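Peer 1: Note that numbering that gives the first Met the number 0 gives residue 74 to position 75 of the sequence shown, counting from 1, and the numbers run on in steps of one.
Please keep in mind that the hints were generated in silico from the structure rather than gathered at the bench. It should be emphasised that the depicted structure is a prediction, and the values quoted were computed from it without experimental measurement. All C-beta atoms, glycine included, are put in the ideal place defined by N, C-alpha and C. One should not assume that every hint holds.
Here are the simulated distance ranges between beta carbons [stated by the list, open to error]:
#1 Gly162 to Leu19: 20 to 28 Å
#2 Ala190 to Ala36: 37 to 45 Å
#3 Thr34 to Ala190: 36 to 44 Å
#4 Gln55 to Glu203: 33 to 41 Å
#5 Thr199 to Ala129: 22 to 30 Å
#6 Gln22 to Ser147: 24 to 32 Å
#7 Asp178 to Ala36: 39 to 47 Å
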Amino acid sequence: MPTYRARFDATVTFTNGGGLQAQGFLVDVGSADVTTARIGELFLASLGLLMAGEVQLSNVEIVEAAHKGTRGGPAAESMTGGERATYIELSQEGAGNPPGFSLERTVDLPAVVVRLEDSGRLGIDAAALATYDVRGKAVLLQTGDEQSHFLTRDGAEWLIDHGALLVGIDAATIDDPADATRPAHTLLVGAGIAIVERLTNLAEVPPTGAQFTAIAPRAEGTFAYAKV
Numbered sequence: 000m001p002t003y004r005a006r007f008d009a010t011v012t013f014t015n016g017g018g019l020q021a022q023g024f025l026v027d028v029g030s031a032d033v034t035t036a037r038i039g040e041l042f043l044a045s046l047g048l049l050m051a052g053e054v055q056l057s058n059v060e061i062v063e064a065a066h067k068g069t070r071g072g073p074a075a076e077s078m079t080g081g082e083r084a085t086y087i088e089l090s091q092e093g094a095g096n097p098p099g100f101s102l103e104r105t106v107d108l109p110a111v112v113v114r115l116e117d118s119g120r121l122g123i124d125a126a127a128l129a130t131y132d133v134r135g136k137a138v139l140l141q142t143g144d145e146q147s148h149f150l151t152r153d154g155a156e157w158l159i160d161h162g163a164l165l166v167g168i169d170a171a172t173i174d175d176p177a178d179a180t181r182p183a184h185t186l187l188v189g190a191g192i193a194i195v196e197r198l199t200n201l202a203e204v205p206p207t208g209a210q211f212t213a214i215a216p217r218a219e220g221t222f223a224y225a226k227v
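Hey, can you work out the whole structure from these sequences and the hints?
Peer 2: Structure follows, in structure tokens:
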């Protein structure tokens, strides 16, 4: 079944003064005939904008593309019709969980998948994460390239500041291999946030609505899965 995204330019006027302009912004939409009013609602929701007044859209284009998890978008709406029981295997080797880490912070967490394969970014920074609601969630970074992508220092700081509970990635390491100081690992673990690396099958996990579990067994390695 095809999925769609809306690409558009937007101008927002705030009720307390000032405004905001965006060019080429993208949001997930439920169908190819979505209204501009709905696109405007999704735009405001994706940025968490407060005191927003009039929203004007232009150059609206509906494109067939995989959903990325727009806040309040179709992926979130699809989970309101009842729980499904599909389990997607994500197991990998190695995890950066802090010693004595509580299972409450690694089991049955709501998950949000950040898809970055076509972003053109190597360093995953705060700007790449800013439209995602990560509070209380497992944030799973799908890069599609385990050799190059990594979480930057300011990306790690943003995740800490916005209340992420766990960060997973399909790369071999969450840090830039060329940076021996390992800033993302150091910051996340220091904040009590678990790290799970070398995840697989993230393309099968929906952008939102899944539950993520990672348990480090006594044997070497970590068992991880997403429940959809």
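Peer 1: Confirm or reject each hint.
Peer 2: Here's how the hints hold up against the structure:
{"no.": "1", "hint": "Gly162 to Leu19: 20 to 28 Å", "verdict": "holds (24 Å)"}
{"no.": "2", "hint": "Ala190 to Ala36: 37 to 45 Å", "verdict": "holds (40 Å)"}
{"no.": "3", "hint": "Thr34 to Ala190: 36 to 44 Å", "verdict": "holds (41 Å)"}
{"no.": "4", "hint": "Gln55 to Glu203: 33 to 41 Å", "verdict": "holds (38 Å)"}
{"no.": "5", "hint": "Thr199 to Ala129: 22 to 30 Å", "verdict": "holds (27 Å)"}
{"no.": "6", "hint": "Gln22 to Ser147: 24 to 32 Å", "verdict": "holds (27 Å)"}
{"no.": "7", "hint": "Asp178 to Ala36: 39 to 47 Å", "verdict": "holds (46 Å)"}
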